[in-house]
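Given the coordinates of chain A, work out where chains B, C and D should sit on it, guided by the hints.
Number of protein chains: 4
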Amino acid sequence: MSNLENLLNDLVIANRILANEEVVDAYGHVSVRHPDRPDRFFLARSLAPEFITRDDIVEFTLDGNPVGKEKRAVYLERFIHGGIFEARPDVMAVVHAHAEDILSFGLTEGTPLRPVIHSGSFIGAKVPIWDIADKFGDTNLLVANVEQGQDLAKSLGSNNVALMRGHGFAAAARSLIEVVRMSVYLPRNARALWRARQLGGEIKYLSQGEIDARNRGYSPYSVETWRAWHYWANKAGVGKLVTRPDQGKAPAKKPAKEAAKKPAKRKSR
Amino acid sequence: MSNLENLLNDLVIANRILANEEVVDAYGHVSVRHPDRPDRFFLARSLAPEFITRDDIVEFTLDGNPVGKEKRAVYLERFIHGGIFEARPDVMAVVHAHAEDILSFGLTEGTPLRPVIHSGSFIGAKVPIWDIADKFGDTNLLVANVEQGQDLAKSLGSNNVALMRGHGFAAAARSLIEVVRMSVYLPRNARALWRARQLGGEIKYLSQGEIDARNRGYSPYSVETWRAWHYWANKAGVGKLVTRPDQGKAPAKKPAKEAAKKPAKRKSR
Amino acid sequence: MSNLENLLNDLVIANRILANEEVVDAYGHVSVRHPDRPDRFFLARSLAPEFITRDDIVEFTLDGNPVGKEKRAVYLERFIHGGIFEARPDVMAVVHAHAEDILSFGLTEGTPLRPVIHSGSFIGAKVPIWDIADKFGDTNLLVANVEQGQDLAKSLGSNNVALMRGHGFAAAARSLIEVVRMSVYLPRNARALWRARQLGGEIKYLSQGEIDARNRGYSPYSVETWRAWHYWANKAGVGKLVTRPDQGKAPAKKPAKEAAKKPAKRKSR
Amino acid sequence: MSNLENLLNDLVIANRILANEEVVDAYGHVSVRHPDRPDRFFLARSLAPEFITRDDIVEFTLDGNPVGKEKRAVYLERFIHGGIFEARPDVMAVVHAHAEDILSFGLTEGTPLRPVIHSGSFIGAKVPIWDIADKFGDTNLLVANVEQGQDLAKSLGSNNVALMRGHGFAAAARSLIEVVRMSVYLPRNARALWRARQLGGEIKYLSQGEIDARNRGYSPYSVETWRAWHYWANKAGVGKLVTRPDQGKAPAKKPAKEAAKKPAKRKSR
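Chains as they are written, first to last, in the numbering used here: chain A, 619 to 887; chain B, 619 to 887; chain C, 619 to 887; chain D, 619 to 887.
Identical copies go unnamed one by one, so any copy, or any two together, can satisfy a pair.
In silico PhoX-like links for lysine-lysine, alpha-carbon gap of 25 Å or less:
{"hint": "1", "residue 1": "LYS772", "residue 2": "LYS822"}
{"hint": "2", "residue 1": "LYS753", "residue 2": "LYS822"}
{"hint": "3", "residue 1": "LYS744", "residue 2": "LYS822"}
{"hint": "4", "residue 1": "LYS772", "residue 2": "LYS744"}
The hints are simulated quantities; they were obtained by calculation from the structure and are not laboratory data. It should be emphasised that the depicted structure is a prediction, and the values quoted were computed from it without experimental measurement.
Same shape as in the complex, but just chain A (with noise of 0.2 Å):
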């Protein structure tokens, strides 16, 4: 496969981990920045992610319009993913959903999310809340327009991971495997807390040292990374489909097999 279509089959994979993992339901998508062209951006038609595959993906600009004809339905939200690819040249995948236990974070400031489990330390230190009332006043609550998606994206600022009061969260990162993997453990991170909060006492967070170090370990075709994107995939009944663009299609349940190719360097976890 060319890497575009490399690329393409991985966003597919990413749907439907996200939709196994309970990240996403009938709502809720995952985007990936076109690698040639930085001011295009990919995402599904309007589908339910669990049942995306390759033909139904699309290409938009940032502006959230489709490139070339498109007759089927888009997500009305894709303004979210636009607005973030815009302001954001940093970043290759976003995600927005409404993963239940998050919510209750983007509800009230009595405990801010912020992590404390190290899966979590990719959301980074700082998760801010946005709402869309405080510029847009009384609306469904949906980024509907480029305008709104501009807004949250700023509210975002330079941070992994913005709530969305009462709707969700987007989160934005470096790669397709990153974004997934962090939509994933940020709702295991906000019950981490939530549980812990009710157990009383002082709450330790992971330290601006402890997130730098594991950012700065972070490589999306590690060992341990590559595990768990084909473990979830293989849950998702997607693990065919899994490939490395350095060695092509990993066997389905084989997760390590890449391992085996390189003898020289033990990478380990």
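Here is chains B, C and D on its own, set in the frame of chain A:
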């Protein structure tokens, strides 16, 4: 299919979705008003919703009597449906269920159940708690006659949902698709509010303006609403049954197919 | 089938339902009193309830000894059953289990477990907590002899359910169908109460009059009760085993079939 | 099978059970000490436990180096196992995992994790919290070298379980069956304690005498312990792999079969 057959087919789908989404179990039921006879409604015979097929649907008058001979057992609590259809000409569909996560909100007034997430907006700004004991004293808590059904409807008033103390809830809406949607998101909204309360701080509820804005935008056949209906139907194993009055059968697992038939106007979300 | 065979067949169904509803796992058991020999009861040999078939059922005397030769391992805690059957002539069936969501109510007296939802009414107004340490000091917490079983029965008194501190619960009822129903709804009632407490405000429990009203209306073969039994059996994969003494086999997945045989009087719920 | 092959076969089963019981996901691992070489242990190569087969097992020295040529990726955190096996000659098996429901107890000292239910007794009276930052400052929280493994083992001391702040836990036991059991019940004990705390009132923990009594009664091949092991293995789809050193293969789904071979002495529970 005729419009009536379409509607009864949707009623079967509604039963299966509510069962699969764990809104109902062995108990709980959903009804729809007769499209041509406002003084009649359709409800299944006494059977767990998960097992219901077209043959199990029975036609009732508003006082809860089956139309024509019906030798099979029927739901005792059919009076909930009759009472609401009688009091609310605007209501076309009713759900009664015991969904676990809403029960606690009917046991105390410590935290009133109100919409906090956008998908919960359809429950409406006010969710009254009906206590059967207020008027009927010590009962088995079941709505077992016309008078009790009417009293529940009176407590519901012009709202969309009423909690039934120590029992469950009753939801009323303009369409089957809306009442199912409302019933699926009611527990989710309850969980988000329940968790938010434990996080401390002041909770931001949806404003009346936001509730109104979402309500104005609602349409049972909008791409957004339809996507969830078809998604839930496929998850429940009845995707094949899904049809649109305006388009006939939609292929299982291709929820957004219908959009392709509207090239002129792009529906979205 | 003879009445006895019918009863033992129901005991197999009860085991499977309790396993499928996660009331029991590798541990926990359900027994039924011998219909013709009040001084005997039936309980499975030592086996996870999920795997139990007719051949695994063993007959015991009230002191916990198998009747006749039994070379297979039996449950250590059979004394729970013997103790209760001995002390309570009115009891026909007993369940002991570790259902997770009731455990916390046995660890503190901060919130006594009482019925708050209609389906929880059968646990009765009072649920005593039996602490094996009160009489027997430091043990492994298991009810391992006649004396301990009798002490538990004494703590149960005339109630339907006793919590066992740090261990689980024991439930006693007039029929297998009722004790299974009680055991399935006990954790649900516990969860509703647990959540309600977190919502603040004063909790409305079922009144004694409501508990009595529900109790008076109870019948193991009422359409209402039967519907749940058949529903649970089908979910547990043993729908085919379901029979009614008055009607013989009921077809799998057609729980309300029996109603068709009572045209005269319409049973309902 | 030889004793060694039996042990490695059990190690595969242990991996599958921990995955199916959601103690591990893409991450987490279980090891067993070499029966004839106390300075060696067995652990899988870097692979999600759900996928592990006999061929994936690797032999390690206590300093975390594979014995013989191993070109495949191995777990970074193998040092957890080496460190504990080195410090604790009595320990034959170790688990490291991120089981979600125990994480919160590692984030605060507000409610120390202690045994409250009988099945949780094996975690021991004291569960220390190890904070990698205390000695190593800002890290990625992973136990990535011998020194960190030794420091964790030092914090574990003579206890059975240590929580790892912001990361997970490490459990050590006398046998594979015991360490799996401990790891499955650790989260359940945590949930029971977490909920009890919300119910208010004083919590009754297991007494030291009760913990000791249960510990004295423990045997990996007791009917009680074996029943859970076989039950979990069947649920995880590897029931066919289950064998007993003293009896050879046990038939899938007939966990208590072995009991029939001990007519003389009736084992029970």
